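Participant: Protein chains in written order, with the working numbering: chain A, 275 to 493; chain B, 168 to 306; chain C, 24 to 388.
Treat the hints with care, as some may be off.
To be verified - 30 Å max Cα-Cα, derived DSSO-like pairs, lysine-lysine: (1) C/Lys-302 x B/Lys-235; (2) C/Lys-333 x C/Lys-268; (3) C/Lys-172 x C/Lys-209; (4) C/Lys-368 x A/Lys-313; (5) A/Lys-468 x C/Lys-368; (6) C/Lys-172 x C/Lys-207; (7) A/Lys-313 x A/Lys-489; (8) A/Lys-374 x C/Lys-333; (9) C/Lys-372 x A/Lys-489; (10) A/Lys-374 x C/Lys-268; (11) C/Lys-372 x A/Lys-313; (12) C/Lys-368 x A/Lys-489; (13) C/Lys-271 x A/Lys-374; (14) C/Lys-242 x C/Lys-207; (15) C/Lys-209 x C/Lys-242; (16) C/Lys-271 x C/Lys-302; (17) C/Lys-333 x C/Lys-242; (18) C/Lys-344 x A/Lys-468; (19) C/Lys-302 x C/Lys-242.
Derived by calculation from the structure, the hints in this document are not laboratory data.
Small disclaimer: the values here were computed from a predicted structure and weren't measured.
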Amino acid sequence: MTDMELLNWARGPALEWATIIFVVGVLVRFLEMSLLGRKPDLSEARASAAGGGWRTVWRRSIPAPGLVKQAPVVIYAGYAFHIGLLIALLFFAPHILLFKDVFGLSWPALPFFVVDAATVIAIVALLVLLVHRLVNPVRRFLSSWVDYLVWAVTFLPLLTGYLAYHRMILPYTEMLAYHMLSVALLLVVFPFTKLMHTFTIFVSRWYNGAVSGRKGVQL
Amino acid sequence: MSQLSDIPVTVTVLQAGADAAPHGRALLMELENQLRDLVEQGRESSIDLRSLPLSPGDLAFLEQHLGKGEVTAEVSALGPSTVQETAIHGVWWVRHYNSNDEVMAEFLEVTQCPDIIRAHPADVRDSLEDLRARLVELE
Amino acid sequence: MSKRPTVAEHLARQGVSRRAFLKFCAATASMMALPPGMAPAIAEALGQRRRPAVIWLSFQECTGCTESLTRSHSPTIESLIFDVISLDYHHTLQAAAGDAAEHHRERVQEEFAGEYLLIVDGSIPIADGGVYSTIAGMTNLQMLEESAKGAAAIVAVGSCAAFGGIPKANPNPTGAVSVADIIKDKPIINVSGCPPIPVVITGVLAHYLTFGTIPELDKLGRPTAFYGETIHDRCYRRPFYDQGKFAKSFDDAGARNGWCLYELGCKGPTTYNACATTKWNEGTSWPVESGHGCLGCSEPDFWDAGSFYKAVSMPISDLGKLGLAAAAAGAVAGVAVGLHNRHVKAGAKAAHKPLTADELEGDKS
Numbered sequence: 275m276t277d278m279e280l281l282n283w284a285r286g287p288a289l290e291w292a293t294i295i296f297v298v299g300v301l302v303r304f305l306e307m308s309l310l311g312r313k314p315d316l317s318e319a320r321a322s323a324a325g326g327g328w329r330t331v332w333r334r335s336i337p338a339p340g341l342v343k344q345a346p347v348v349i350y351a352g353y354a355f356h357i358g359l360l361i362a363l364l365f366f367a368p369h370i371l372l373f374k375d376v377f378g379l380s381w382p383a384l385p386f387f388v389v390d391a392a393t394v395i396a397i398v399a400l401l402v403l404l405v406h407r408l409v410n411p412v413r414r415f416l417s418s419w420v421d422y423l424v425w426a427v428t429f430l431p432l433l434t435g436y437l438a439y440h441r442m443i444l445p446y447t448e449m450l451a452y453h454m455l456s457v458a459l460l461l462v463v464f465p466f467t468k469l470m471h472t473f474t475i476f477v478s479r480w481y482n483g484a485v486s487g488r489k490g491v492q493l
Numbered sequence: 168m169s170q171l172s173d174i175p176v177t178v179t180v181l182q183a184g185a186d187a188a189p190h191g192r193a194l195l196m197e198l199e200n201q202l203r204d205l206v207e208q209g210r211e212s213s214i215d216l217r218s219l220p221l222s223p224g225d226l227a228f229l230e231q232h233l234g235k236g237e238v239t240a241e242v243s244a245l246g247p248s249t250v251q252e253t254a255i256h257g258v259w260w261v262r263h264y265n266s267n268d269e270v271m272a273e274f275l276e277v278t279q280c281p282d283i284i285r286a287h288p289a290d291v292r293d294s295l296e297d298l299r300a301r302l303v304e305l306e
Numbered sequence: 024m025s026k027r028p029t030v031a032e033h034l035a036r037q038g039v040s041r042r043a044f045l046k047f048c049a050a051t052a053s054m055m056a057l058p059p060g061m062a063p064a065i066a067e068a069l070g071q072r073r074r075p076a077v078i079w080l081s082f083q084e085c086t087g088c089t090e091s092l093t094r095s096h097s098p099t100i101e102s103l104i105f106d107v108i109s110l111d112y113h114h115t116l117q118a119a120a121g122d123a124a125e126h127h128r129e130r131v132q133e134e135f136a137g138e139y140l141l142i143v144d145g146s147i148p149i150a151d152g153g154v155y156s157t158i159a160g161m162t163n164l165q166m167l168e169e170s171a172k173g174a175a176a177i178v179a180v181g182s183c184a185a186f187g188g189i190p191k192a193n194p195n196p197t198g199a200v201s202v203a204d205i206i207k208d209k210p211i212i213n214v215s216g217c218p219p220i221p222v223v224i225t226g227v228l229a230h231y232l233t234f235g236t237i238p239e240l241d242k243l244g245r246p247t248a249f250y251g252e253t254i255h256d257r258c259y260r261r262p263f264y265d266q267g268k269f270a271k272s273f274d275d276a277g278a279r280n281g282w283c284l285y286e287l288g289c290k291g292p293t294t295y296n297a298c299a300t301t302k303w304n305e306g307t308s309w310p311v312e313s314g315h316g317c318l319g320c321s322e323p324d325f326w327d328a329g330s331f332y333k334a335v336s337m338p339i340s341d342l343g344k345l346g347l348a349a350a351a352a353g354a355v356a357g358v359a360v361g362l363h364n365r366h367v368k369a370g371a372k373a374a375h376k377p378l379t380a381d382e383l384e385g386d387k388s
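The whole structure should be built from the sequences, with the hints applied where relevant.
Facilitator: Shown next as structure tokens:
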């Protein structure tokens, strides 16, 4: 198989199947959760549920001071990774073209050097988090193979994207194909692992906040 | 075969500031290196303009900054060749055309005198024979 | 006939001076993408080489490659090369000669066995016994196998001969394959492109003619002198890519100012060719310079790489539509799973029997 055949396969069938699995998987999991049903709360609300929900969505986005002291690596590297990833994913000009092609929406890109720096930050942060997980016996004990899988499928698109952009190690065509294939792998793994938090995080925060908010408890 | 100039299309080369000649400065610096080698070590060299990804504005930039010198020569050998010394002595703009007047190769040569101008010793030897033969014919 | 004159002798016979020969060599060096200082080495090599016999086979092709080659010759440097090689068979050019041309091909193959250069343009159809393209009663496959036997080397000219090209495009009804798919025991030089740049074809031939060796090749069998770098990396618009300045539509202000054509579908980043330096039409211009993105024609399967106007970062297929269809399927599946879960839950509720503490105590005793 030539590099070009690989790239065509990645841009074609591989992404098609990955998209199907991703969309079906995510929807099934969402509907499964929401159709489980909740017990009706018959008590009189003490405060607004929605207000509590939104407040928690916001409040939990700011790490609690105690937590920063207790787990600084997780907090700092975690934030660095997520922000770096979002910048690389959403503000790299070629990525915006992809979103425009799929969703019909586009927005201005950030300069390449900004995206480049964000990618490096995300890659380094992920490596730090992996080492952190491996070095600490408790964390290592708590980690299952799925955690490492999730780490790997998140790391690979960043790494291959960076290498492709800088024409490193492999010819651009081949590296670009691997980049797209790694994204396809991410999409396939996504619905069935804790990567689902991308969509559920704010829903679950809101839900927790709303339950407490209704009882008049401010989280 | 019709020539490009026969086609009634006017080509305007855009001059959009420094962007139009992204390689111009780098080429001048390379020439500076080569000219220094010629002065200090007598080493001749050249730049193949066809081997570089030049933008439309680059050549214009070079022509403008190298200028026209004292020597202009035309050679007829398998089609014309033009040799133009630039205002920078020792830097020659050499264009080789085929017999259809299409540019085959284009060089900036850094030398006292481009090889294409010089008569080749073997040719000179042959011509000596030739001239002697002509003298014999006259007798 | 087998004692063909050397190139220098041939030129001398035509009254070409050494000065002219030097010019020829300088232009040849430029054409072969060699440093200008190589001209004397070329002169020396050409002085010793004899004119090689050349057989040119055209298979499943559009004659664009031959067109491209002839475009730039008569009577240029390229034609000199054709004076100094002996083009013994080219069926497109010799079609009128019919049988006689075929017999001549056979004679040359015999007389110069192991010495002649075989040039192929077009892909070879192998489906259904190769019936989709025949010449003089022979299938292309038979002719290629027969002619390849005695060849010193094979030059596959054009993307069809090199990679299968447009005849091989999905769904490939004729079973088209490349030369390298069939011939495994001969050195093959792939000169891809649709068509290849004229001076690249002649440059490769000149290299073989001059040095009698196969030039350095990339992993797709293409000479690295011409296919060593991508269009994108050699493009004069490249600085604008790095600055994030993109033309948004053809001939907009950005496009006119030389901004990058990436967003308009330019395949330059994944295409290896020499267009950016050698250019086309006597070095006048090339696709990207005239405002259109690269189609990627020198790469395998360029015809199956999706729209020419989709950027390389975009998927080939319409993932938006596909995603909507998948969403509909996912919604149905999700509701089904949800209902099933409810059913399980209701069943569990119905099967639930309250236990009293006494009953538990009773169990214990």
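Participant: Need the status of pair C/Lys-344, A/Lys-468: alpha-carbon distance at most 30 Å?
Facilitator: holds, 27 Å
Participant: Tell me if the straight-line CA distance from C/Lys-302 to B/Lys-235 falls inside 30 Å.
Facilitator: holds, 26 Å
Participant: Would the hint linking C/Lys-368 and A/Lys-489 be met if the CA-CA limit is 30 Å?
Facilitator: Between C/Lys-368 and A/Lys-489 the Cα gap is close to 27 Å, so the pair holds against 30 Å.
Participant: Next pair to validate is A/Lys-374 with C/Lys-268; report whether the Cα-Cα distance is within 30 Å.
Facilitator: holds, 17 Å
Participant: Measure nothing beyond the straight line between the CA atoms of C/Lys-271 and A/Lys-374; if it is 30 Å or shorter, mark the hint as holding.
Facilitator: Distance of about 13 Å is within 30 Å: holds.
Participant: Decide if the proposed pair is consistent with the structure: C/Lys-302 and C/Lys-242, CA atoms, cutoff 30 Å inclusive.
Facilitator: holds, 24 Å
Participant: Check the hint pairing C/Lys-242 with C/Lys-207 against an upper bound of 30 Å on the C-alpha distance.
Facilitator: The given pair, whose Cα atoms are some 15 Å apart, holds under the 30 Å limit.
Participant: Within 30 Å, alpha carbon to alpha carbon, are C/Lys-172 and C/Lys-207?
Facilitator: With Cα atoms ~11 Å apart, C/Lys-172 and C/Lys-207 stay inside 30 Å; holds.
Participant: For the pair supplied as a hint, C/Lys-372 and A/Lys-489, confirm whether the alpha-carbon distance does not exceed 30 Å.
Facilitator: holds, 27 Å
Participant: Given the proposed pairing of C/Lys-368 with A/Lys-313, does the C-alpha separation stay at or below 30 Å?
Facilitator: holds, 13 Å
Participant: Would you check the hint for C/Lys-372 and A/Lys-313, treating anything up to 30 Å between C-alpha atoms as holding?
Facilitator: Given pair C/Lys-372, A/Lys-313 holds - Cα atoms ~14 Å apart, limit 30 Å.
Participant: Could you grab the alpha-carbon distance between C/Lys-172 and C/Lys-209 and see if it respects the 30 Å cut-off?
Facilitator: Judged against 30 Å, a Cα distance of about 8 Å means the pair holds.
In terms of the numbered hints stated before, the structure departs from none.
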